[in-house]
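Colleague: Chain A is already provided as a structure; the job is to place chain B on it using the hints.
Order-wise, the sequence lines are chains A and B. With this note's numbering as the guide, the letters of the first sequence map in order to residues 1 to 144. With this note's numbering as the guide, the letters of the second sequence map in order to residues 145 to 284.
Honestly, the hints are just simulated from the structure, not real lab data. This structure is a prediction, so every number in the text was calculated from the model and none was measured. Don't take each hint at face value.
Said to hold, decoys possible - List of simulated lysine-lysine pairs, DSBU-like, C-alpha gap at most 30 Å:
hint, chain 1, residue 1, chain 2, residue 2
1, B, K283, A, K49
2, A, K49, B, K208
3, B, K281, A, K49
4, A, K49, B, K223
5, B, K283, B, K223
6, B, K207, B, K223
7, B, K207, A, K49
Said to hold, decoys possible - Taking CB as the label site, the calculated pair distances span:
hint, chain 1, residue 1, chain 2, residue 2, range
8, A, S77, B, A189, 31 to 41 Å
9, B, D227, A, K49, 18 to 28 Å
10, B, S260, A, T48, 26 to 36 Å
11, A, S77, B, K283, 36 to 46 Å
All residues carry an ideal CB built from backbone N, CA and C; glycine is no exception.
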Amino acid sequence: MTIDWNAFTPFTALGGGVLIGLASAWLILMNGRIAGISGILGGLFDWTKGDRGWRLAFTLGLLAGPAIWGLFHALPSIEIHASTPMLIAAGLLVGVGTRYAAGCTSGHGVCGLSRLSPRSLAATLTFMGGGFATVYVIRHLLGA
Amino acid sequence: MSKYSISAFIAGLIFSFGLLLSGMANPEKVLGFLDLFGAWDPSLALVMGGAIAVGLPLFTVAKKRATSVLGAPIQLPSKREIDRRLILGSLAFGIGWGLAGFCPGPGIVAAGALKSGAIVFALSMIAGMWIFYVLEKRKA
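With the rest of the complex left out, here is chain A:
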């Protein structure tokens, strides 16, 4: 392992993390709900729940972020190198996987660890491990 110091951006990473923590705390303290993106999106399918208003509003906030950011400042770069079939496979795995695990980077990683939940710690270690292993296989074994 070598650290890529040129790519290291500690201040924006910390600042962005603080905003993510504030947004999650806002949703639990104001609305009483966990800011888990996969749970919020997945709940939109369930007509019986009758709480689609706030779910849609939160999702709209996520979608509107880049446009509103763009009014004041140039948007940070978003580089996507994966091919279309790869993006489809990734999307399906992320969609099904996060629903089976009842959470993703936000629900288990941020909110769960902030609640000191052992279940969320197990989930976070597992998906991080899965991510590290996949990138290792793709970049270093297959050399893609």
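Modeller: Relative to the frame of chain A, chain B by itself:
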């Protein structure tokens, strides 16, 4: 629009700004973090660190309250079990995350930035969530 929807929109917007500022919305940056055995970019560890540093004290407050500021019940997950669904689901998610560098929030934000690859990812992810919903409904 209800006060709950307005509040949720604000939370979504701040979350979106956080993902953009931190670099999480950029799959190349995320893959640099997941490339532990290559030239590793440790930045994203600080995103989680910053989020939890703020989340820890504020969730401790939330755990002690029964109702939210706006009056809704505080709903915290009650599940404790570390079961097969949790581990296999997280593993599938981790593999998908490593394939494209997108997890759910950043996928939606980058789709909002009208990046075509992100729109493909986000629609596939929503299809995956729908598949889960249909399978679970059939079981019930």
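Colleague: It remains to establish, for every hint, whether it holds in the given structure.
Modeller: Hint check:
At most 30 Å may separate the alpha-carbon atoms for a hinted pair to count; B:K283 and A:K49 meet this at roughly 18 Å. Taking the CA atoms of A:K49 and B:K208, the gap is near 25 Å; set against the 30 Å cutoff, the hint holds. For the suggested pair B:K281 and A:K49, the alpha carbons sit about 14 Å apart, so the restraint of at most 30 Å is met. With a C-alpha separation of about 19 Å, the suggested pair A:K49 and B:K223 falls inside the 30 Å cut-off, and the hint holds.
This hinted pair checks out: B:K283 and B:K223 have alpha carbons roughly 20 Å apart, not beyond 30 Å. For the proposed pair B:K207 and B:K223, the alpha carbon gap of about 15 Å is at most 30 Å, so the pair holds. About 23 Å separates the Cα atoms of B:K207 and A:K49, which keeps this hinted pair within 30 Å; it holds. Roughly 21 Å separates the CB atoms of A:S77 and B:A189, a value that falls outside the hinted 31 to 41 Å.
The hinted window of 18 to 28 Å between B:D227 and A:K49 holds, with their beta carbons roughly 23 Å apart. Under the hint 26 to 36 Å, the C-beta atoms of B:S260 and A:T48, about 34 Å apart, fit the expected range. At about 43 Å, the CB distance of A:S77 to B:K283 agrees with the hint of 36 to 46 Å.
Of the numbered hints given earlier, the model fails hint 8 alone.
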